[in-house]
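Okay, here's what each chain looks like letter by letter:
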Amino acid sequence: MTLINILDLIGTFVFAISGTLAASEKRFDIFGALFVASVTAVGGGTTRDMMLGATPVFWMIDTNYLLIISLAVSFTVLFKEKVAQLRKTLFLFDTMGLGVFTFIGLEKALLHDISPAIGVIMGTFTAVLGGIIRDTLCNEVPLIFRDEIYATACIVGCLVFIGFSFLGVSALICTWSCIGTVIGIRLIAIKYKIGLPKI
Amino acid sequence: MTLINILDLIGTFVFAISGTLAASEKRFDIFGALFVASVTAVGGGTTRDMMLGATPVFWMIDTNYLLIISLAVSFTVLFKEKVAQLRKTLFLFDTMGLGVFTFIGLEKALLHDISPAIGVIMGTFTAVLGGIIRDTLCNEVPLIFRDEIYATACIVGCLVFIGFSFLGVSALICTWSCIGTVIGIRLIAIKYKIGLPKI
Amino acid sequence: MTLINILDLIGTFVFAISGTLAASEKRFDIFGALFVASVTAVGGGTTRDMMLGATPVFWMIDTNYLLIISLAVSFTVLFKEKVAQLRKTLFLFDTMGLGVFTFIGLEKALLHDISPAIGVIMGTFTAVLGGIIRDTLCNEVPLIFRDEIYATACIVGCLVFIGFSFLGVSALICTWSCIGTVIGIRLIAIKYKIGLPKI
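Protein chains in written order, with the numbering used here: chain A, 1 to 199; chain B, 1 to 199; chain C, 1 to 199.
Hints in this document: simulated from the structure, not taken from any laboratory.
Some hints could be false.
Chain copies aren't distinguished; within one or between two, either way the pair holds.
Cut-off 30 Å, straight-line C-alpha distance, at most; resulting in silico cross-link-like pairs (DSS-like, lysine-lysine) [as the list claims (entries may be wrong)]:
| # | residue 1 | residue 2 |
| --- | --- | --- |
| 1 | Lys26 | Lys198 |
| 2 | Lys80 | Lys198 |
| 3 | Lys198 | Lys82 |
| 4 | Lys82 | Lys191 |
| 5 | Lys88 | Lys193 |
| 6 | Lys26 | Lys191 |
| 7 | Lys82 | Lys108 |
| 8 | Lys26 | Lys193 |
| 9 | Lys26 | Lys82 |
| 10 | Lys108 | Lys80 |
| 11 | Lys80 | Lys193 |
Start from the sequences and build out the full structure, keeping to the hints where you can.
Shown next, in the form of structure tokens:
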């Protein structure tokens with residue numbers, strides 16, 4: 001198991017928590033929570049795999065994802081007050097998940113001989129689509145269409161990866177620059193309350 | 001044509017009626033009704049097939065589904081009052097559809113060499129996703145996230161199938177125990193108004 | 001590049017403008033606009049390709065679509081007032097897009113050995129699903145379920161294509177009769193305010 005695998009599972013765990021919290025605000029039952037948590041955690045990667053034709057999709061082959069999501073939902077339901085207090089920590093892990101998911105989506109697209117420009121979209125898609133479906137299922141306008149620099153961080157992270165690859169930088173540095181860029185931009189945007197212009 | 005095929009088509013018919021009724025409450029036109037009915041009836045299986053890579057998806061190969069859905073929409077539109085009076089009968093057929101769809105989804109996943117744990121999800125998905133998309137399209141929070149033991153019946157039905165298979169029970173008994181469990185749990189939950197705990 | 005290709009790109013451009021305008025009404029930011037524009041423009045074809053198993057989906061192979069959508073969003077954001085004044089012109093191009101998308105979807109399905117009856121659905125799906133997802137993402141009930149003869153035009157256009165093909169009419173005439181029928185029905189329905197009966 002590589003470091004990326006571990007970070008991927010941590011990201012899945014935290015995304016699933018965010019889905020469970022959204023379900024809890026809507027007073028869903030446990031099945032609703034499991035469903036929304038799953039969609040938040042693996043919805044982006046699932047759509048990516050279906051669009052690429054990389055089927056059966058990733059979590060159908062590796063049951064770790066299912067296990068991690070079930071753990072995240074149980075944990076959140078059992079320790080709801082605790083989880084609420086951890087919002088700052090969760091935010092950090094969520095941001096890390098965003099970076100790792102972006103890299104994984106970009107890499108998977110490139111491995112399928114997709115052009116780098118489309119790879120940027122697939123990386124961003126992998127990271128943000130789960131949250132978009134979560135909000136749609138909860139009958140809300142997707143938060144990230146309005147409020148924050150979120151997808152933008154993913155897009156820039158992908159561009160850094162592609163630029164560095166093009167310049168012949170080693171894969172390891174490309175990978176971590178991509179993930180680091182996503183995390184960095186997101187943290188700076190939150191700290192200084194930077195958003196995209198409304199149209 | 002096996003008994004399962006026939007029950008599958010009856011389930012499709014009844015799910016399509018439920019979609020038409022939802023469309024009718026929102027005052028959609030006939031195309032809206034056809035679309036919502038189709039999504040309710042085959043949306044779960046379509047997503048399952050796309051995630052498995054079993055493409056073209058099932059109803060694109062077997063036009064019976066399309067025919068049955070058109071019949072269900074026409075029937076509901078023409079005999080709206082009658083259909084409204086039949087709610088109890090419809091509920092019984094809907095429950096039967098739930099059981100059959102669950103079994104079909106589980107079996108298809110297992111035939112694609114998916115692990116039993118993921119098979120449970122695919123069975124449940126096949127049965128409940130159509131209703132979730134129906135409610136989302138109608139701009140409602142999906143009913144089954146909140147109100148009833150619905151998906152839970154599917155999950156337990158799948159577990160019964162897998163448990164019995166593991167014990168070497170004949171395929172026929174596995175199949176009908178799965179379908180029977182889904183129907184039984186659902187009927188008991190409705191009769192005694194049992195729901196899942198809210199989170 | 002054939003005339004159909006060019007019309008396809010023009011249709012994509014206009015559909016993306018309609019997505020951008022919907023995003024703008026909801027006060028989304030630029031990423032939200034790009035996302036909604038993309039979904040409106042290529043969401044129907046993407047779902048079609050995933051259901052057919054024609055993966056990676058079309059816009060992942062041909063980056064022109066991505067480019068056109070970006071241009072449409074930039075254009076709409078920069079010249080918002082101008083675009084608002086062009087509504088009549090946009091409507092004409094939108095109708096043309098509807099016709100071309102219908103034909104492309106139908107043709108692609110037939111090339112995958114799908115039966116003509118299902119081909120009608122795939123053609124209609126390709127043309128209308130993007131708008132349905134757009135409205136759902138914007139937390140609105142899909143407009144075309146209620147208000148206008150829209151999908152019906154696509155269905156009749158497909159039937160004309162299939163009827164003419166069956167009669168041995170040349171492919172060129174089949175194609176343009178299909179596109180012309182969609183455009184004609186839509187224009188007449190708008191001019192005389194004809195809608196489908198509500199159910």
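Okay, which hints does this one fail, numbers in order?
-> Hints 7 and 10 not satisfied by this model.
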